[in-house]
Amino acid sequence: MTSAGTVIIGTGLAGFQTAASLRAEGYQESITLIGEESHIPYQRPPLSKGFPLGTQDRESIELRPQKFYQDHKINLLTGERVVAIEPAEHQVCLASGGRIPYDKLVLAVGASNRLLPIPGADLDGVLYLRSLDEAIALKERLARARNVAVIGGGFVGLELAAVASSLGKSVTVVEALPRLMSRVVAPVISEYFGELHASKSVKILCGASVAGIASANGKVSSVILSDGTKHDADLVLVGIGVVPNAALAREAGLSVSNGIAVNEHLQTRDDHIFAIGDCAEHPCTFAHARLRLESVQNAADQAQCVAATIAGKKESYRALPWFWTDQFDIKLQMAGISHGHDRIVTRGNRETGRLSVFYFKENRLIAVDSINRPLDHMLGRKLIAAGAAVTPEQAADETFDLKTLAQKPKST
Amino acid sequence: MPKVIYVSHDGGQLEVDVPVGTTVMAAALKNGIDGIVAECGGVCMCSTCHVFVNEGFFSRLPPATDTEEAVLEIAAIERQPNSRLSCQIKVTEDLEGLIVRMPEKQR
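Sequence lines, in order, name chains A and B.
In terms of the working numbering, the first sequence opens at residue 1 and continues consecutively.
In terms of the working numbering, the second sequence opens at residue 1 and continues consecutively.
Simulated from the structure, these hints should not be mistaken for laboratory data.
Please note that a few of the clues may not be correct.
[As the list claims (entries may be wrong)] With a straight-line Cα cutoff of 30 Å, these simulated DSS-like cross-link-like pairs (lysine-lysine) come out:
1. Lys139(A) - Lys30(B)
2. Lys30(B) - Lys105(B)
3. Lys105(B) - Lys73(A)
4. Lys105(B) - Lys403(A)
5. Lys230(A) - Lys203(A)
6. Lys331(A) - Lys90(B)
7. Lys203(A) - Lys219(A)
8. Lys90(B) - Lys49(A)
9. Lys90(B) - Lys314(A)
Chain A with its partners taken away, still in its complex shape (with noise of 0.2 Å):
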């Protein structure tokens, strides 16, 4: 025990799994935990789906109890802000004063809520939703709402539409692209939670773009569409996405892009300081591009893969990526990254709600996405990690055994 240790900036899931899996990983060294919420480590997609409808408290989506962190002497600082980086140095400075010394650097500090740039958006009663005492107010405030527009038609903002609507809130989502959750799924799987969402009288306006909300008393009133409609709110919930926090990193001069950028080891250029999770641009070996995402699995895999290098088992990271929402009773599960696909085919249909698309570029499957198949999402996963050659013909045949395709168990 010789070197300063590990500072990890960041108490979101990638930060806290890297301290986890130090440990686990046998590390010996300090390890200091860094965050600015007043909260410890808790998981962020209940958020906007059981903690608003009230069947998760905020102790049941903690990611480990306050014992944890000394059991496992993990130097946790909560409500704590890094104001620097001093790489020259090999330290941090925080807000309140003091200086940390570092021998290797992990920045997960996650993304920040985009604003909607719009008259009207600044009143009380427009809400956005990333930490826990944001969806402490939204919990609040959607129980005392009775009309809620949602902004923005991707996964939060239909989630939180079905967590409205299933409190008996009268819902309104408006999307600004021609149809839902449209940058990362088929037609067919938008038709379907279109759909759905209909089925619970949501009120779905795709192609609609916001021009301003208009308040009564100081008040949130209603919600103004560039085509001059106006649809009543009392509560306006506003879910158009992130940018990643890369001031920090920018000002060590550190290189940044849609997010920190780092290599297949996660490094950034300066090869003591790593970046994961939301913040962090990596070259995804299954997109063969670079890529940001958003997503529990990205935040833990690429946490694990960042405390083994530190432990000195040095690994490149190549997860595959899958992601899940849940909007009312259903899931919708997907694997791998379908950008770019060339052909999609489905096996199951719409009529009996089991319904899988499988995603395929040059021949090649790069991701399926499943509503009430999860079969197909777990083949989907082992098969497009082990680049197995499944046709699209195979794929959408449901007499088609996929699972022979898939034989070697692997953790993905």
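Fit chain B to the known structure of chain A by using the hints.
Frame of chain A, contents of chain B only:
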């Protein structure tokens, strides 16, 4: 409160009192049991809370859903006939003394 006995891969045992309705996974995390990772938070997406359920108890559990069965296919240590995901096992009075063995690795 029903007792659940967690047996680690190397044979170490820990007895935990688990409130009825709590999952075997959640109780493990709360009690500092490192053999359960629970990466996805208990939503049947990741297999890192895989356990082997002691024979006498396996048949008393409600059967696994299709989703759980599918997830068990990607477990880091190959599934056995008595494999379950601990996030899907809710503790009941009937499960007093439940014994779950944890695999060598979860990832």
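Index of numbered hints that the structure contradicts, given in increasing order: 9
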